[in-house]
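Number of protein chains: 2
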Amino acid sequence: MSSTRIESIAAYDARYPLPEGVGSDAVHKAPVYCFAVTRLKTNQPLTATGITLTLGVGNRMVCDLIELLAAPLAGLEIEELMSDFGQFSRQLSDHPHLRWLGPHKGAGHLALASITNACLDLWAKSRGVPLWRLLLDLSPQQLVRLLDLRYLEDELTRDTAEDMFRAQLASRKQRESILARGYPGYDTSVGWFGYDDDKVRENARQALAAGFRALKLKVGSSDPERDLRRAHMLRELAGDDCLLMVDANQQWSIPQALDLCAKLRDVRPYWIEEPTHPDDVLGHARLAQAIAPLRIAAGEHVPNRILFKNYMQARALHFVQADCCRLAGISEYITVSLLARKYGLPMVPHAGDMGQIHQSLVLFDHIALDAPVVFLENIPHLRSHLVHPAQVEEGVYRTPQAPGCACDLIELEEPPLKSTA
Amino acid sequence: MSSTRIESIAAYDARYPLPEGVGSDAVHKAPVYCFAVTRLKTNQPLTATGITLTLGVGNRMVCDLIELLAAPLAGLEIEELMSDFGQFSRQLSDHPHLRWLGPHKGAGHLALASITNACLDLWAKSRGVPLWRLLLDLSPQQLVRLLDLRYLEDELTRDTAEDMFRAQLASRKQRESILARGYPGYDTSVGWFGYDDDKVRENARQALAAGFRALKLKVGSSDPERDLRRAHMLRELAGDDCLLMVDANQQWSIPQALDLCAKLRDVRPYWIEEPTHPDDVLGHARLAQAIAPLRIAAGEHVPNRILFKNYMQARALHFVQADCCRLAGISEYITVSLLARKYGLPMVPHAGDMGQIHQSLVLFDHIALDAPVVFLENIPHLRSHLVHPAQVEEGVYRTPQAPGCACDLIELEEPPLKSTA
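Taken in order, these protein sequences are the chains called A and B.
Residue numbers for the first sequence follow the numbering used here, beginning at 687 and rising by one.
Residue numbers for the second sequence follow the numbering used here, beginning at 687 and rising by one.
No wet-lab data here; the hints were simulated from the structure.
Fair warning: there could be bad hints in the mix.
Stated by the list, open to error - Think about it this way: if two alpha-carbon atoms lie no more than 16 angstroms apart in a straight line, the pair counts; the simulated EDC-like pairs of lysine to aspartate or glutamate are:
#: 1; chain 1: B; residue 1: K1028; chain 2: B; residue 2: D849
#: 2; chain 1: A; residue 1: K727; chain 2: A; residue 2: E753
#: 3; chain 1: B; residue 1: K727; chain 2: B; residue 2: E753
#: 4; chain 1: A; residue 1: K715; chain 2: B; residue 2: D780
#: 5; chain 1: B; residue 1: K715; chain 2: A; residue 2: D780
#: 6; chain 1: B; residue 1: K727; chain 2: B; residue 2: E693
Please build the complete structure, drawing on both the sequences and the hints.
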């Protein structure tokens, strides 16, 4: 294996306008999906790509921060960098000029996500393996050295983290069958907020025909009757066996959430997603108690391992929707996976990466940590921009085989580079 | 009163390098104090200034966001704007292009702080009164219309907030004596982290001679013995009657905090400030229980009312160090004051504004909400840049009399404008 050294870093502000209604929720009526992209060029014919998601003009700022934060990567050899990446990541996350803007949240943390994901992409490509293979080939010690476990000392030390991986080594083999079967997906794109009832029905029929057995509906309307009507409509159409999730995108107060969850009970939602503000840990905990047996999914706006620790300690969520584009990349995602394992909670990542990275991470969670197989969100709208779009067939993610994190973007690969950096 | 209309908005990136050691803590060895400044020009000979604090190059980004977010202010009449400012503020805080970078935290929220503070400055100047007078002259209904109480419905509705102000109207008169006496200060500048022991001793002697009866020491060193030695040194020098606070600037894990707080008990600190990560609400709650009768101060990195609600519900802090430069400005500060009043907790603001705005807010807290008088942080390092620096005499803030929020900066008043926008 020849040595791979990072020679230059560049950020790209890639924006993808969407057709009407696509991606809409109770907050974002007409979102633009944007990737703040980190590109690493090396001394080899290897270029790495890291992404994080934002929704609009703020993407420019994340790109500026990528260029600022990633500067120390220049000249580093990838194996050396990744041998103590947790320490490196901690330093970036405590940048003395930027920490005040967080800490460990906001635009700087999103920039760190993109940078971290690029480093993992480069590492996997330099070894010629897809991300899930890279991670499974690491020893427990190597895995833990990727992580910044600071502020988790009351829950998770380096030793306990290593032990958790070590304890699952012997039984890994039997869980590797998932690689051939593929990981189940679910369809988020059925019930965007802006779609009318006809469109939701049509999408649901198509999704069921395509093999999906779990569908999501956006709720959180200022007109709760609309939400209830559409939820019942979807349950009727999909039948009793299909899982149905509802997503309020933080639009409810605690009293509203209590009211609406009671009214939604008949629809038997598999989960209630983001019922209220993502910082309201104790609000979620109160809801979780009150609406049982309904369960709560949250995480796409939970910015770091410390808040996830609080969510878990407070028994405030049932499905952990961590996102390696919201957290400080793949490494903090793995940290949250360890916490989830400790608390017996399933990882059901939010796909800010359109599933490209998480398709590897859920395989890793299952095989390396014996995480339960649930399903992975499928959002197909950016497929045409990806060099290796996830292959979802019969509602199942086919195990990716291309080296890296599957985040290379067609427009950045074809000269001239569409750079707005 | 002639109508005052906002004609243009500009942001200024004002940076103030500090002498060696000044402002240093366990995280920031050589900070640069920066204000991200909002300037509102009007159809009158009135210009308003709003500020938020950051520590370095990230300030530029907050300025960019000010210009983006504040654009809708152009053309608005100030009385009209402030008659429903809570709704206006909510709209800015949910900007669909920026909300993903928060929500309600990070650079966008800091920008909103600066913008909000500029609006309040203009309102007070247009009425020819200092901020505390402006606020005291508002009716309970007008006050509550300044606020965005969303996500607090389980603790604080508009009606209960109005009732809380109304309940204190009759007894206001007796508390107005504070205006003549002035509000006590405490000296943060004694024990910056980078000062050597001699310098700390010298500063402490000067602070005591100047009339201060409360001093703060920065701790959180990687060498806990240094922290303990300096804390004992300061207690010996200051005597038993002086209040002594220690500030760990988030540097301890929960186990370290438990250990160090036990060791610091002999020094009888009045509070332990920021013992661990500001997102670790339940960690603070556990500490609060374990270290009693020692008490916890926190808030300078608590970004919004929702996390403060969680801190209070969890009984995780004893002194509320809200900062109108970290929260979305003066209006969210008042919201947190209402929560603190409900929970019987004292407001002891963090002075990201160098005390310029908070000197009015603590007077308002006491007179309008019967908040207890504690003391206000005094950080004198930017005095020479302020048109109306706070007057602190014999350790007491003299009640400010100049119209507005006292944030006008000398360099921005004297032509040519030092603009880097």
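Here is what the structure says about each hint:
Among the hinted pairs, K1028 of chain B with D849 of chain B is consistent with the structure: their alpha-carbon atoms are about 12 angstroms apart, no more than 16 angstroms. Note on K727 of chain A and E753 of chain A: the hinted pairing holds, with a Cα-Cα distance of about 13 angstroms set against a maximum of 16 angstroms. For the given pair, K727 of chain B sits about 14 angstroms from E753 of chain B by alpha-carbon distance, which is consistent with the 16 angstroms threshold. Using a Cα cut-off of 16 angstroms, the hinted pair K715 of chain A and D780 of chain B holds, with the two alpha carbons roughly 12 angstroms apart.
In summary, the hint linking K715 of chain B to D780 of chain A is supported, as the alpha carbons are separated by about 12 angstroms, within the 16 angstroms threshold. For the given pair, K727 of chain B sits about 6 angstroms from E693 of chain B by alpha-carbon distance, which is consistent with the 16 angstroms threshold.
The earlier numbered hints are all upheld by this structure, with none contradicted.
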